[in-house]
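Engineer: Protein chains in written order, with UniProt numbering: chain A, 1 to 533; chain B, 1 to 533.
Note that these hints are calculated values from the structure, not bench results.
One thing to keep in mind: the hints can contain errors.
Same chains, same names: a pair is fine if it fits in one copy or spans any two.
Claimed, not checked - Taking lysine to aspartate or glutamate pairs in the DMTMM-like style, the calculated list, with each CA pair at most 20 Å apart, reads:
| # | residue 1 | residue 2 |
| --- | --- | --- |
| 1 | Lys-314 | Glu-90 |
| 2 | Lys-341 | Asp-204 |
| 3 | Lys-251 | Glu-81 |
| 4 | Lys-200 | Glu-81 |
| 5 | Lys-251 | Glu-90 |
| 6 | Lys-389 | Asp-326 |
| 7 | Lys-355 | Glu-377 |
| 8 | Lys-385 | Glu-366 |
| 9 | Lys-73 | Asp-204 |
| 10 | Lys-341 | Asp-491 |
| 11 | Lys-367 | Asp-311 |
| 12 | Lys-73 | Glu-435 |
| 13 | Lys-319 | Glu-459 |
| 14 | Lys-438 | Asp-425 |
| 15 | Lys-493 | Glu-252 |
| 16 | Lys-59 | Asp-425 |
| 17 | Lys-341 | Asp-425 |
| 18 | Lys-59 | Asp-74 |
| 19 | Lys-438 | Asp-417 |
| 20 | Lys-355 | Glu-81 |
| 21 | Lys-367 | Glu-299 |
Quick caveat, the model's predicted, so the values are computed rather than measured.
Protein chains: 2
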Amino acid sequence: MPLREVTGGGGRRVFLGFVVVYLLAFVVKVDGDVHLWPMPASVSRGSRTLYLSNDLALKTHGSKFSDGSGILKDGFERMVELVRESRSVEGQVHGSDNVLAGLHVVVSSSNDSLYYGVDESYKLSIPATGNSIYGYIEASTVYGALHAFETFSQLCDFNLMTRTIELHGAPWNIIDQPRFSYRGLLIDTSRHYQPLSTIKKVIDAMAYSKLNVLHWHIVDRESFPIEIPSYPKLWNGAYSYSERYTVADAKEIVQYAEKRGINVLAEIDVPGHAISWGIGYPSLWPSANCQEPLDVSNELAFKVIDGILSDFSKIFKFKFVHLGGDEVNTSCWATSSHVNKWLDNHRMNESDAYKYFVLRTQSIAEKHGYEPINWEETFNNFGNKLNPKTVVHNWLGGGVAPAVAAAGLRCIVSNQDKWYLDHLDTTWQDFYMNEPLKNISKPEQQRLILGGEVCMWGETVDASDIEQTIWPRAAAAAERLWTPFEMLAEDPKQVTTRLARFRCLLDRRGVAAAPLAAPGRGVPLGKGACLRQ
Amino acid sequence: MPLREVTGGGGRRVFLGFVVVYLLAFVVKVDGDVHLWPMPASVSRGSRTLYLSNDLALKTHGSKFSDGSGILKDGFERMVELVRESRSVEGQVHGSDNVLAGLHVVVSSSNDSLYYGVDESYKLSIPATGNSIYGYIEASTVYGALHAFETFSQLCDFNLMTRTIELHGAPWNIIDQPRFSYRGLLIDTSRHYQPLSTIKKVIDAMAYSKLNVLHWHIVDRESFPIEIPSYPKLWNGAYSYSERYTVADAKEIVQYAEKRGINVLAEIDVPGHAISWGIGYPSLWPSANCQEPLDVSNELAFKVIDGILSDFSKIFKFKFVHLGGDEVNTSCWATSSHVNKWLDNHRMNESDAYKYFVLRTQSIAEKHGYEPINWEETFNNFGNKLNPKTVVHNWLGGGVAPAVAAAGLRCIVSNQDKWYLDHLDTTWQDFYMNEPLKNISKPEQQRLILGGEVCMWGETVDASDIEQTIWPRAAAAAERLWTPFEMLAEDPKQVTTRLARFRCLLDRRGVAAAPLAAPGRGVPLGKGACLRQ
């Protein structure tokens, strides 16, 4: 039986006459009848319909993973709930040759620690026939298995006639792994406090999109909402008594995210973007009239940073911490006489002092076991003076990543013209087409690009509008970061329908993902079916 | 000890020297230190702080209500979850004289049926001292007790220092009941399909606001999304295969709502607003070129209505059904020759036929045990010809309710200039100030105004924006409908802070309620604390 290989975009259409992988199956590389988002690395499907058993079982024999903390079991139960979509599954499914009885998951690593670069790959196969049909999931780690659950959930639909959940297109064979190990989304809890329930909902939808790093820009000029036991007056800089996170709250967020395969990257942005620190500790301000950058001449600044990062290291177990370093206007230092005097004594100009601040903060982070991430100004200004472990976080424009990689440093791409979610006129097509490896051709330099991140700055988002500002545009970027380059569409038109389906899926799952036809955070332009919005 | 009675708004400030109700208590009639929304009929509070036991208990001894279906227990558990707000309650609260051990609920009716006009009153008292302090809730029905739970939840706050949940202001004495028995919110699933999860979230927030009728405008011109077993091709008029509700889905919505004290009012809008019916049954259209109103000359139209209402009566147990009847343009009948002939044969002009259609539909509804609600055009056109049980649903303007009451019919107020949520330039202040009894002074006529309803027409709302379009404006109307007239603010400025608090509470509970400062569905205008948005 000849197999047809269909490639999308600029790909070639190849007919293979001799390869029989599965009876009646054909390999679909991009789109076609595969509605998964993001598109897996390799997919083949058939055309048979199976019905999900009303008590879909989870089997794990042969697995080395003991699931002591319930990550796998909870993930499976969440997935079954998602597949139901609050529907009443009234139809009775009885044992026969078209019933999917459950999923058999084999995880080969016993370790459940979610470290950076953890193996997220998985294989998912659904046989088309058999007596007691089980889908089969193979993964190195439980986090790969969670991705497989998400993929599986997107294969299922509620059949309104039979009142059962069905899975079209068996047999399925999916082999999948992410293109980039860092697939981030930034939230900003300084410009607006985000309630815990809101952050959890953002995490839920990140898992649906296979994003894996929640970059928590916790603190900024406007408010300091997190408890720092070492310096307990810092959170006096919060907007209000209740708009604060306790250490337990932060741990709860980290744990919630980790159980979904998502790391939390904590940020303190120094020495700029830190006015709120001085509410609790005014001497961190160079003077009452000059409230930022933090007073480079005051040892307390570094003690406080040390205290924060010490406290962070007990909460945020990710390999990296983000130290900011962007938009530092040092003119205020020069006009504060005691700082100016300190600069003279130390034979530094303002730029030296900025560098000194950044590097010393990096050392403190390193002492607490972190590798530092800094916004790109630190690279643009100090280049090879930075700690060699520095990850440079691009944001200003599109050309920085090649320079960072050429300098041998690692980079995360977030160029604001394409990947800032608060730019409402940036379309999902822009998000989709933004290529992190643009103009980087050498493999060893490409490897230095850890991935990318879309940024939801908080000036005009709170719990009432954060979801529709993030989604579906963040999901468009998520495919760029997950799917092999050669399988990405060259023209976003090719994925419009598939992304629209995913957006409607998010809506049905209770995520307020905005219509595709509107700009960022747009509303439906008129009445009609979800897929046409 | 003198008590201070504080009245808000245009009220007077009265000092009473001799009335001692509770030691250290003072009576607050409007606002002041009472942040409840909607404001209860009577509130007094003290100044003592209690800490909620980490395992708050529910006691029901003395109650005649057996709670066979778990309405009370589930409501209590939901309330405890809400009060937690996803916080980590780490603080240990041990038995002492400032610990609230639980709530003792006494419901005097054993009946859990949620009929129209069910007693929703409750009394809630929280003692300030004692050995094992229990809050005490007295209610005629379990639905009053659910309101008491909501009120109680709004008295509680998380203390970030002690990491416990506390209740300020004990002793509390609250006596409460709604001003109107009909406090509605319309959703429209024809212009956009709303997923089940979305409808449930709308119901959740209705319960927080003490609204009690979900008016489900299921069908309209654009789509027919619900299964009608008697006429199974009707839902062929849905937007898509999956954008449909099965009977089981509808039952699930009704049950979900009822467990929260909310009735579901189903609507079919006839003879206009019904083009979608003809997708499945084209002969309901007068002709291919004339698709509405439904063909008055075709008996099938009434058979189908009979089938729908027969099926509805098995799902929607509310006393009322909504039969629409608005915006009927009959010119199409006159230009369809067979309809025109039928009119001649029956000696009717188009207006007579419109009346005939409405009255016959009312009779069918009555046969199925329903009392009919119709949009106001039916009253404006046919007045006393309507079934005397008709409830007239105002929408066009502000002057109809007095005329309806003067005619001895019942009325629900939804004047579009103030209570249409799709009018984005209508502010929460407009919603708050819209008085259903305006220009109705006779008590017997006032009693004919069942209440009011805010309407969320669906042309530009789907799952992505429905919440922020509804809230907090619907909550502003909810206080108008719940709170005694004399306790309502005469100037909405007096309640801004309290409503802002409620809006922030909704946000923390996962409801995307929009900022007060913006117009309908507005976003935060800039960074800042939740209460200032």
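Engineer: Take the hints in turn and mark each one as holding or not.
Structural biologist: Against the structure, the hints come out as follows:
In this assembly of identical chains, the alpha carbons of Lys-314 and Glu-90 lie at most 20 Å apart only when taken from different copies (17 Å versus 48 Å within one copy). Neither within a single protomer nor between protomers do Lys-341 and Asp-204 lie at most 20 Å apart by alpha-carbon distance, with minima of 51 Å and 61 Å respectively. When the C-alpha separation of Lys-251 and Glu-81 is checked against a cutoff of 20 Å, the pair qualifies only between copies, where the shortest distance is 19 Å, while the shortest distance within a copy is 25 Å. Taking the shortest alpha-carbon separations for Lys-200 and Glu-81, both the intra-copy value of 17 Å and the inter-copy value of 15 Å come in at or below 20 Å.
In this assembly of identical chains, Lys-251 and Glu-90 lie within 20 Å of each other by CA distance solely across copies; the values are 12 Å between and 40 Å within a copy. With identical chains, the CA atoms of Lys-389 and Asp-326 are at most 20 Å apart within one copy only, with a shortest distance of 18 Å there and 69 Å across copies. In this assembly of identical chains, the alpha carbons of Lys-355 and Glu-377 lie at most 20 Å apart only when taken from the same copy (10 Å versus 74 Å across copies). Taking identical chains as interchangeable, the C-alpha atoms of Lys-385 and Glu-366 lie at most 20 Å apart only when both belong to the same chain, with a minimum of 15 Å there against 84 Å between chains.
Taking CA atoms no more than 20 Å apart as the test, Lys-73 paired with Asp-204 passes inside one copy only; the shortest distance there is 16 Å, against 28 Å between copies. In this homomeric assembly, Lys-341 and Asp-491 never come within 20 Å of each other (Cα to Cα): the closest approach is 58 Å inside a single copy and 57 Å across copies. For the homomeric pair Lys-367 and Asp-311, the shortest alpha-carbon distance inside one copy (13 Å) is at most 20 Å, but the shortest distance between copies (70 Å) is not. Taking the shortest Cα distances, Lys-73 and Glu-435 never come within 20 Å of each other, neither inside one copy (36 Å) nor across copies (53 Å).
Proximity of Lys-319 to Glu-459 under the C-alpha cut-off of 20 Å is found in neither arrangement, the shortest distances being 28 Å within a copy and 48 Å between copies. Taking the closest pair of Cα atoms, Lys-438 and Asp-425 never come within 20 Å of each other, the shortest separation being 22 Å inside a single copy and 45 Å across copies. For the identical chains of this complex, Lys-493 and Glu-252 are neighbours neither inside a copy (40 Å) nor across copies (38 Å), given an alpha-carbon limit of 20 Å. Proximity of Lys-59 and Asp-425 under a CA criterion of 20 Å is satisfied in neither setting, with 47 Å inside one chain copy and 55 Å between copies.
In the homo-oligomer, the alpha carbons of Lys-341 and Asp-425 never lie at most 20 Å apart, since the shortest distance is 46 Å inside one protomer and 57 Å across protomers. Taking the closest pair of Cα atoms, Lys-59 and Asp-74 come within 20 Å of each other only inside a single copy of the chain (14 Å); across copies the shortest separation is 32 Å, beyond that limit. Within a single copy, Lys-438 and Asp-417 get their C-alpha atoms as close as 14 Å, which meets the 20 Å cut-off; across copies the closest is 54 Å, which misses it. With identical chains, the CA atoms of Lys-355 and Glu-81 are never at most 20 Å apart, being 51 Å at best within one copy and 48 Å at best between copies.
In the homo-oligomer, the alpha carbons of Lys-367 and Glu-299 lie at most 20 Å apart inside one protomer (17 Å), although the nearest pairing across protomers, at 84 Å, exceeds that limit.
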